[in-house]
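Engineer: Following the hints, complete the assembly by docking chains B, C and D onto the known chain A.
Residue numbers (my numbering), protein chains in the order written: chain A, 1 to 130; chain B, 1001 to 1116; chain C, 2001 to 2316; chain D, 3001 to 3088.
Treat each hint with caution, since some may be false.
BS3-like mimics (lysine-lysine), calculated; alpha carbons at most 27 Å apart, straight line [stated by the list, open to error]: (1) C:K2070 x A:K113; (2) B:K1033 x D:K3020; (3) A:K120 x A:K109; (4) B:K1069 x C:K2246; (5) C:K2070 x A:K109; (6) C:K2070 x A:K102; (7) B:K1033 x B:K1044; (8) B:K1044 x D:K3020; (9) A:K102 x A:K120; (10) C:K2137 x C:K2246; (11) C:K2070 x D:K3020; (12) A:K102 x A:K113; (13) B:K1069 x B:K1044.
Simulated from the structure, these hints should not be mistaken for laboratory data.
Okay, here's what each chain looks like letter by letter:
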Amino acid sequence: MIFRYLEVFSIIMFFICIFGLITCNNIVKSIIFALMMQTAVIMFWLTIGRGSIPPIIDNTALLDNTSYIADPLPQALMLTAIIIGISVTAVIITMLNTLFRKHLMTDWKAMEKAEDEAFKESLYGDHLKD
Amino acid sequence: MDIQSIQYLIGNIVISIGIAFMVFGVFGIFLLKDFYPRILVASKIDTVGMFTLIMGFVIRHGISFFSGKLMLIIIIMLILNPLVAHIMARSAYLSGYEVAETEIDDGERETTLKEN
Amino acid sequence: MEINALFILWIISGLFIVFESRLYRIIIYFGIFSLISSVVYLFLGAPDVAMAEAGISAFTTVFFIIFVGKYYGNQTNITREKIEINQFFRKLKGITLPFVFCAGLFALYIYTMPDTAASTYLKEWYLSNFISDVGGKNAVTAILLAYRVYDTLFEALILVVSVVAVVHMSHFSDSSVSDGHHSEIENSGMAVFTLRIICPIIVLFGGYLVVNGHISAGGGFQGGLAVATFFICRYMVYNIYDISVKRVMQLEELIFLSIILLSIIAVFLGAAALLPTAYLPMFQRAYLILMNVFIGLKVACGFFILFYRYIAFERR
Amino acid sequence: MIILWIMFVMLALYLIRVLKGPTIWDRLLGMNLISTKIIVVIIVFASLYETTFLLDFAIVYALMGFVSTIFIALFLSERKLGRKRGKK
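So here's chain A without its partners, still in its complex pose (with noise of 0.2 Å):
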């Protein structure tokens, strides 16, 4: 029996982060749990393949035992999911910003409630005024 324990770290983190997600208040914060998920994720494919050489081949002689170098091809696509990450994370920070310009706060509930407010008065403002 093999207790495959390196994987149950990352396990670990990216529940944490969803307790995180589910606890916290603020805009950033939740960004940053997304994140943070993101990272446990690619720390679980990298675990599932690690090995103790990196694949970089210096001389074919590595090659007789391949079960000591690491599997390529995760690192590769999450090269791809790291770069798409981040600018993800670029466009959300921008669209927060302009929230931001509009109610001056980066409260869930809060902004939920300004929200609202100012579409329940773009349908019945004229009503209201009367």
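Structural biologist: Relative to the frame of chain A, chains B, C and D by itself:
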């Protein structure tokens, strides 16, 4: 005793001196009670410790490609470590850390030490 | 054995963020978290991913600190958001704690099961064939640039789209910056002098990473990130907005088109087998280096535009 | 090997400093110290296994780690400056 074992011995001694410097830095960080002495001790001792430790590794490896890259790291660290300490101390000073009862950016009310 | 200690430090630095409610602190903790996670990547045998994460962490902290600086700048209108202890434990009593425990137990149950011999067929195939198929010594670069070019193309496309989205979704939709306008940040003379020494080293090192990408660790993305950090340092030295974003965007789109053209040409050349086999390694090397250089330039342009938009517009 | 464990203990101590530090600059100082300790860990690993390419990572951490630290410090100082100017 051939040359390599002497190299290893000297290298180990220099590395342990560097480690000792770093441990002093840890003591300084935990014992001092104000930010300015803390950053003074941390930056100075850490720079010296890094320099000595990497020089120990250079001595261990002799003249090779490995130690050439280590020398590059030494140059970068010698330039950058004091710079970071300087900018941090400057930012603390400009934000009015010395003045008592200022509101720090952290969102807390802070009071600096009155004693000297 | 060392890796367990690093993993435990990783989880502790992640736990810091959960129990903190002030934004500056959260950003510093997040910087530490991504530093430690990139070291763990390195020791798991994934040097390319570690290098990318190390570069990314600098940019995430820069983006977040720009927003949070603005947040505390407009402090007068903000009610402080602090999680009170009672409120926190009320939340703990709810559904979350049992949920987290059940999830943890589930994870433990799965990973104490006997190992069901994961298939290593693809790994062995890639490792044994990539030297003759693609050339170079780095298997990750071979997969990124040859076996899975479509992934890389769409990833580059997403970077282009995100740059366009950042420009057009922001409150300041016009992309013109007043030329030669000084910013408010003031640096000391000593810092400027030292940063001037460091800047060329950063560019040289980025170029080294890009050109050596197929032989050792590194590649287009990592080198591009290093070149993009040069622009941050340049901003800190000169304090001036003097590059027009529009031209850099045009340059980026042009480079993106040339990446697509280059990969299509390479695919058709390889399919037709027009080349004599004696010259094949030379062409392979030329293809890898050119692709890396183009991707590096594109990533550098993209991150330069993102940084510039944030520092010039979103900070106001 | 002993150096590695000493470095890990020091990393943990600096994490405590970061958690405990009364001001924001103490936390920044801790972040800077952690990045330098990580460079030492990488150098020790490269020396143990005689792999030269690991040293590239030490250079990357040295060059990238300082950028975020300096940027945070600049932003912390900039806010106060802006306020003073606004009052004038």
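Engineer: Is it true that the CA of K1033 (chain B) sits at most 27 Å from the CA of K1044 (chain B)?
Structural biologist: Holds: K1033 (chain B) and K1044 (chain B) sit about 17 Å apart, inside 27 Å.
Engineer: Measure nothing beyond the straight line between the CA atoms of K102 (chain A) and K120 (chain A); if it is 27 Å or shorter, mark the hint as holding.
Structural biologist: Status holds; Cα separation ~16 Å.
Engineer: So if I understand the rule, the pair passes when the alpha-carbon distance is 27 Å or less; does K1069 (chain B) with K2246 (chain C) pass?
Structural biologist: violated, 39 Å
Engineer: Check the hint pairing K2070 (chain C) with K113 (chain A) against an upper bound of 27 Å on the C-alpha distance.
Structural biologist: Holds: K2070 (chain C) and K113 (chain A) sit about 22 Å apart, inside 27 Å.
Engineer: Would you check the hint for K1069 (chain B) and K1044 (chain B), treating anything up to 27 Å between C-alpha atoms as holding?
Structural biologist: holds, 23 Å
Engineer: Going straight from one Cα to the other, do K2137 (chain C) and K2246 (chain C) come out at no more than 27 Å?
Structural biologist: violated, 38 Å
Engineer: Please verify whether K2070 (chain C) and K102 (chain A) have alpha carbons no more than 27 Å apart.
Structural biologist: Holds, at roughly 13 Å.
Engineer: Given the hint that K2070 (chain C) pairs with K3020 (chain D), test it: the Cα-Cα distance must not exceed 27 Å.
Structural biologist: holds, 26 Å
Engineer: Given the hint that K102 (chain A) pairs with K113 (chain A), test it: the Cα-Cα distance must not exceed 27 Å.
Structural biologist: Holds, because 13 Å separates the two Cα atoms, which is no more than 27 Å.
Engineer: Measure nothing beyond the straight line between the CA atoms of K1044 (chain B) and K3020 (chain D); if it is 27 Å or shorter, mark the hint as holding.
Structural biologist: The hint holds at about 22 Å.
Engineer: Taking 27 Å as the top limit, are the C-alpha atoms of K2070 (chain C) and K109 (chain A) close enough?
Structural biologist: Status holds; Cα separation ~21 Å.
Engineer: CA of K120 (chain A) to CA of K109 (chain A), is that 27 Å or under?
Structural biologist: holds, 16 Å
Comparing the model with each earlier hint shows violations of hints 4, 10; every other hint is respected.
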